[in-house]
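Convert by adding 5 to the 1-based position in the sequence shown; the result is the number in this note's numbering.
Keep in mind that the hints were calculated from the coordinates and are not lab data.
One or more of the hints may lead you astray.
[To be verified] In silico PhoX-like cross-links for lysine-lysine, where the CA-CA straight-line distance does not exceed 20 Å: (1) Lys105 - Lys139; (2) Lys88 - Lys77; (3) Lys291 - Lys254; (4) Lys126 - Lys88; (5) Lys266 - Lys305; (6) Lys105 - Lys73; (7) Lys291 - Lys275; (8) Lys266 - Lys254; (9) Lys139 - Lys73; (10) Lys117 - Lys88; (11) Lys139 - Lys84; (12) Lys117 - Lys53; (13) Lys117 - Lys77; (14) Lys181 - Lys214; (15) Lys84 - Lys117; (16) Lys139 - Lys119; (17) Lys114 - Lys139; (18) Lys73 - Lys114; (19) Lys126 - Lys84; (20) Lys139 - Lys275.
[Unchecked claim] Cβ pair distances, simulated, as ranges: (21) Ala55 - Cys122: 36 to 44 Å; (22) Lys299 - Arg28: 41 to 49 Å; (23) Lys308 - Lys126: 23 to 31 Å; (24) Gln132 - Lys254: 19 to 27 Å.
Quick reminder that beta carbons are idealized off the backbone N, C-alpha and C, glycines included.
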Amino acid sequence: MAFFAFMGSDPIGKQEALDATVREWLGSACEDELSRNLFFGEDLQIEKVAESYQTVSLFSSRKALIFKGLDKASAAQQKALAKLWEQENPDCGVFAMLTKWDAGSALAKLFKSKGTCKDFKQPYPNQIPAWLTKRCRSAYSRSLSGSDARLLQDIAGNDLGDLDRELQKLDAFLPKGRPVDGESILAVVDAGRVADVFELQSNMGLRDKTRFLYSLRSLLDRGETPFQISIRLFTHFALLMKVRNLSDKGDSPAAICDRLKLNPFFHMEKLRFMDQAHSRSLILWKKTLVRLGKMEMELKAGKYTHRFEVEMAFANLV
């Protein structure tokens, strides 16, 4: 019996590795739809798993049991699965996608002792432009420059799933073989969302509290969560601090764009990155980032229960 676990914070990497491993393990049986069964940890029924585990398709010699969010199954359910799989079935493979194991769980011990565990970490925000460029080339056979990848990240955020969906839309929109560029990104991504995101970041960068509150409310009305907004602002502020640091060292705007993979027209002229960067000293940028990082933790902990509290917490960063 085969056990494979795909863990970590990178949903794209996990899913693609799981799919490839399932295809390889099933071999010729991969074409049979009945050769695989899908289960979800949040809605797991042990009886159905046991039934599936004990039977195979009439048309294939192997079966793959695929679990998404297996770490979300209760401790009792995980224990029951470990006991079920003590009786090995060589014709059945178990493929699990999860964030992380509870170190002391029975399933963690089972997979680590009898199976293969692979970890897929989501890139840090400053690594995402490079990830986008590589993803665009490998998955869609299109080129994407570092500066345009940064532009897409600024619009769509840091979630790899959201970013890949934007690449899918761009691939469907553009003629075959055409590179993904800033013009196409701005044309395909929702115009209202683009305006709200950049107005929010620019107004915060330029310390325009009145306009910032307006754009903040607009994003919240569109369904953007306060936590997502805080991550966007943290990424934006960290970038502005780098711009300020390089500027203080004497680098020209063109050199800064080249160094940080920025679009000269869009970031420097239209969004006034230099003005935003010089709205605060390096010391104040560092203090602002520390406060925003703390605010992210507070949002995770559910400290802000009313929208007014959220708006005031962000406004205090201006």
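Hint by hint, here is what the structure shows:
{"no.": "1", "hint": "Lys105 - Lys139", "verdict": "violated (26 Å)"}
{"no.": "2", "hint": "Lys88 - Lys77", "verdict": "holds (18 Å)"}
{"no.": "3", "hint": "Lys291 - Lys254", "verdict": "holds (17 Å)"}
{"no.": "4", "hint": "Lys126 - Lys88", "verdict": "violated (30 Å)"}
{"no.": "5", "hint": "Lys266 - Lys305", "verdict": "violated (31 Å)"}
{"no.": "6", "hint": "Lys105 - Lys73", "verdict": "holds (12 Å)"}
{"no.": "7", "hint": "Lys291 - Lys275", "verdict": "violated (25 Å)"}
{"no.": "8", "hint": "Lys266 - Lys254", "verdict": "holds (18 Å)"}
{"no.": "9", "hint": "Lys139 - Lys73", "verdict": "violated (26 Å)"}
{"no.": "10", "hint": "Lys117 - Lys88", "verdict": "holds (15 Å)"}
{"no.": "11", "hint": "Lys139 - Lys84", "verdict": "violated (40 Å)"}
{"no.": "12", "hint": "Lys117 - Lys53", "verdict": "violated (25 Å)"}
{"no.": "13", "hint": "Lys117 - Lys77", "verdict": "holds (18 Å)"}
{"no.": "14", "hint": "Lys181 - Lys214", "verdict": "violated (44 Å)"}
{"no.": "15", "hint": "Lys84 - Lys117", "verdict": "holds (15 Å)"}
{"no.": "16", "hint": "Lys139 - Lys119", "verdict": "violated (34 Å)"}
{"no.": "17", "hint": "Lys114 - Lys139", "verdict": "violated (35 Å)"}
{"no.": "18", "hint": "Lys73 - Lys114", "verdict": "holds (18 Å)"}
{"no.": "19", "hint": "Lys126 - Lys84", "verdict": "violated (27 Å)"}
{"no.": "20", "hint": "Lys139 - Lys275", "verdict": "violated (27 Å)"}
{"no.": "21", "hint": "Ala55 - Cys122: 36 to 44 Å", "verdict": "violated (23 Å)"}
{"no.": "22", "hint": "Lys299 - Arg28: 41 to 49 Å", "verdict": "holds (45 Å)"}
{"no.": "23", "hint": "Lys308 - Lys126: 23 to 31 Å", "verdict": "holds (28 Å)"}
{"no.": "24", "hint": "Gln132 - Lys254: 19 to 27 Å", "verdict": "holds (23 Å)"}
In terms of the numbered hints stated before, the structure departs from hints 1, 4, 5, 7, 9, 11, 12, 14, 16, 17, 19, 20 and 21, listed from lowest to highest.
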